[in-house]
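**Student:** Here the structure of chain A is known, so what remains is to put chain B in place on it, guided by the hints.
Protein chains in written order, with this note's numbering: chain A, 1 to 342; chain B, 1 to 339.
Treat the hints as calculated values from the structure; they're not laboratory data.
Ideal placement from N, C-alpha and C gives every residue a C-beta, glycine not left out.
Where hints are given, some of them may not hold.
Claimed, not checked - Reference listing, derived: stretches of chain B covered by chain A, where coverage requires no fewer than 3 residues with Cβ under 8 Å from a Cβ of chain A:
no., region
1, 68 to 77
2, 92 to 100
3, 118 to 125
4, 159 to 173
5, 176 to 189
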Amino acid sequence: MSMLNFLVRRIIYSFFVLLGLSIVIFIIARIMPGDPARMAVGARAPQWVVDQIREQMHLNDPLPVQYGYWLADAVHGDFGLSLVTQRPVTADIREFFPASLELVLVAGLLSALGGIGLGTLSARYKDTWVDNVVRLFSYAGVVTPSFVFAIFFVLIFAWELKWFPVIGRLSEQTPAPPVVTGLITVDSLLAGQFGTFLDALKHLVLPALALAMGAIAQEARITRATMADNLSKDYIAAERALGISEREVTGRFLLKPSLIPTVSILGLDIASTFSIAFLVELIFNWPGLARYGMQSMLNKDLNSISAVILVLGAVFVVVNIIVDIIVAQLDPRIRLSAARSE
Amino acid sequence: MAGSPVTGFSPAAPLLDVKNLQVHFAVYGGRLRVLDGVNFSMRSGERVGLVGETGCGKTTMMKAILRVLPTPPAKIPAGEILFKGRDILKMRDHELRAVRGRGISMIFQDPTAALNPVFSIGEQVEAVIRYSTSPGKASSREETHQRAITALQEVALADPERLLRSYPIQLSGGMRQRVCIGMALSTRPEILIADEPGTSLDVTIQDQVLRLLRKLVEEKDTSVILITHTLGIVRETTDRVYVMYAGNIVESAPTARLFSQPLHPYTQGLISTVPRLTGGGIVSGIPGRIPDYLNPPSGCRFHPRCSQMMEICRTTKPPAFKMGDGHEVACFLYKDEAK
Numbered sequence: 001m002s003m004l005n006f007l008v009r010r011i012i013y014s015f016f017v018l019l020g021l022s023i024v025i026f027i028i029a030r031i032m033p034g035d036p037a038r039m040a041v042g043a044r045a046p047q048w049v050v051d052q053i054r055e056q057m058h059l060n061d062p063l064p065v066q067y068g069y070w071l072a073d074a075v076h077g078d079f080g081l082s083l084v085t086q087r088p089v090t091a092d093i094r095e096f097f098p099a100s101l102e103l104v105l106v107a108g109l110l111s112a113l114g115g116i117g118l119g120t121l122s123a124r125y126k127d128t129w130v131d132n133v134v135r136l137f138s139y140a141g142v143v144t145p146s147f148v149f150a151i152f153f154v155l156i157f158a159w160e161l162k163w164f165p166v167i168g169r170l171s172e173q174t175p176a177p178p179v180v181t182g183l184i185t186v187d188s189l190l191a192g193q194f195g196t197f198l199d200a201l202k203h204l205v206l207p208a209l210a211l212a213m214g215a216i217a218q219e220a221r222i223t224r225a226t227m228a229d230n231l232s233k234d235y236i237a238a239e240r241a242l243g244i245s246e247r248e249v250t251g252r253f254l255l256k257p258s259l260i261p262t263v264s265i266l267g268l269d270i271a272s273t274f275s276i277a278f279l280v281e282l283i284f285n286w287p288g289l290a291r292y293g294m295q296s297m298l299n300k301d302l303n304s305i306s307a308v309i310l311v312l313g314a315v316f317v318v319v320n321i322i323v324d325i326i327v328a329q330l331d332p333r334i335r336l337s338a339a340r341s342e
Numbered sequence: 001m002a003g004s005p006v007t008g009f010s011p012a013a014p015l016l017d018v019k020n021l022q023v024h025f026a027v028y029g030g031r032l033r034v035l036d037g038v039n040f041s042m043r044s045g046e047r048v049g050l051v052g053e054t055g056c057g058k059t060t061m062m063k064a065i066l067r068v069l070p071t072p073p074a075k076i077p078a079g080e081i082l083f084k085g086r087d088i089l090k091m092r093d094h095e096l097r098a099v100r101g102r103g104i105s106m107i108f109q110d111p112t113a114a115l116n117p118v119f120s121i122g123e124q125v126e127a128v129i130r131y132s133t134s135p136g137k138a139s140s141r142e143e144t145h146q147r148a149i150t151a152l153q154e155v156a157l158a159d160p161e162r163l164l165r166s167y168p169i170q171l172s173g174g175m176r177q178r179v180c181i182g183m184a185l186s187t188r189p190e191i192l193i194a195d196e197p198g199t200s201l202d203v204t205i206q207d208q209v210l211r212l213l214r215k216l217v218e219e220k221d222t223s224v225i226l227i228t229h230t231l232g233i234v235r236e237t238t239d240r241v242y243v244m245y246a247g248n249i250v251e252s253a254p255t256a257r258l259f260s261q262p263l264h265p266y267t268q269g270l271i272s273t274v275p276r277l278t279g280g281g282i283v284s285g286i287p288g289r290i291p292d293y294l295n296p297p298s299g300c301r302f303h304p305r306c307s308q309m310m311e312i313c314r315t316t317k318p319p320a321f322k323m324g325d326g327h328e329v330a331c332f333l334y335k336d337e338a339k
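Here chain A stands alone, though its shape is the one from the complex (with noise of 0.2 Å):
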């Protein structure tokens, strides 16, 4: 009951943080030097066609009143035509999104696993070997770029020892899916394609591995300081003097308070790998929205740009809210408060 309250609350501060969001944007694109009008049609059409246009794109009125053209649009999915792909924003984004979905949820489950896991190996064996070289991997992990480790994964695994596929989501003899979800797994598994998903898999793994690097680094980093913490506290000293086996204690009355730190950074480090995907997505071949974006962005292509920085505003604000759904679960301080203040 309190959890829904807390649901439905956060949802509406949502809709009020995306809502701030698009008017940046929209400022933003509007602000840019150049002529939308001029842009669309092209820089050799005459000067008539660009005045129809502008009225047509509403640009002689008042930025308030575009405004409110813009997110009536929006609000409808129409973003408007790309300027490089000349299809609907909405249409490129349908295609794109669903790749990188795909790549930072298994990127996003291995930094988990990844990150702690070798967190509470480090916490577990302090101070010896095994802690030094987790924490040694931990400073490369966090420093070194996601596309360094998508270029040498790709040398070692894929061109040198050919276990895994180079470039793209599946390979060109392998028949695609029909489209469901969009995400290719997913959609192999319904249609009870085994192979595919085998297939899809495959491709997934290095481009997943390189981006989630950087995340299981630092997860481990923060596993390992929060358990190492924890393992102090007098209620894990009573839950061992009172006979509660190792194990037990530590694969569950230590790990659970110490997991609500890192499901707070792992959240932010999923949504923020939606956005920096762009090189790995590159190296890789991979069809995605932060490819898609970066493209967008050098072409000048407003309308996709705005579309896609306001998809990512939404990844953001949605795995934001399931991260608050964890640590409330995990943490009953947080789920008690919440339904105190009501």
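**Tutor:** Below, chain B alone, put in the same frame as chain A:
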């Protein structure tokens, strides 16, 4: 160790025998020599009090006995902790687990810190109960739950069903303390260590908690180590008292004897700090404070604060002199009277 006969253990021997226990903590700049060769023993059924100023190593000693000091930074360079004749410090994990809980159980000083904030009371009590049943006699979920309810009822907590579903922050300090006591007793321990029970509570609640604790250990005939600052409680509830100063046991004696004839200058000071209803004005206290464990005083650690300090106290650590009737004191003043 229920069910497994321990060879070489006779009922006359001490149930718990701590010999020359040292505990050091590695810190930046050196080692804190907190426990400096402590000797402590108790027989089955005995109620032993452990008194001394804050920071003198009482809690450290109890945590060392259960091997729950965080290592590192803690280190035990020397000593033996014999429980029924077997050294806890040398035990393997499964033997240790049989001692923890069922053999020796502990109520921690601060009930708020001793309860895991993200697990419900039920999850915590039931986990303790699950591990306290002897192996081979696995109890069902329902049985565990029933025993958890009984454990809370024993410490006079109303509505145990609802309490088991609650989280520590939803409970008052007094309730948390009761939960901790209930949890520590739910294992049916042979020795219960109670580390300043109720100190964090107001005086009336503290009194209730202590009465309850006393009633429960008398009913079950549990051996008890009671750590406290309040000498009145020691006098009322214990058979024997150990006085600790800066990581050393300075005096031990049957309770009545210690209060009537305190020998060690520190014990004398400690007892004189207790205000009496018969008047006598403001108490004097003991000047000075607990020494720095990084560079503890040489010889007797109490010598810088002692009003009767002699030359030998600076250089030599006093051994425990036996004064008869189970009275021991570590002070050179009694070197010649020792039996």
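**Student:** Give a verdict on every hint.
**Tutor:** Evaluation of the provided hints:
no., hint, verdict
1, 68 to 77, "holds (count 4)"
2, 92 to 100, "holds (count 4)"
3, 118 to 125, "holds (count 4)"
4, 159 to 173, "holds (count 3)"
5, 176 to 189, "holds (count 4)"
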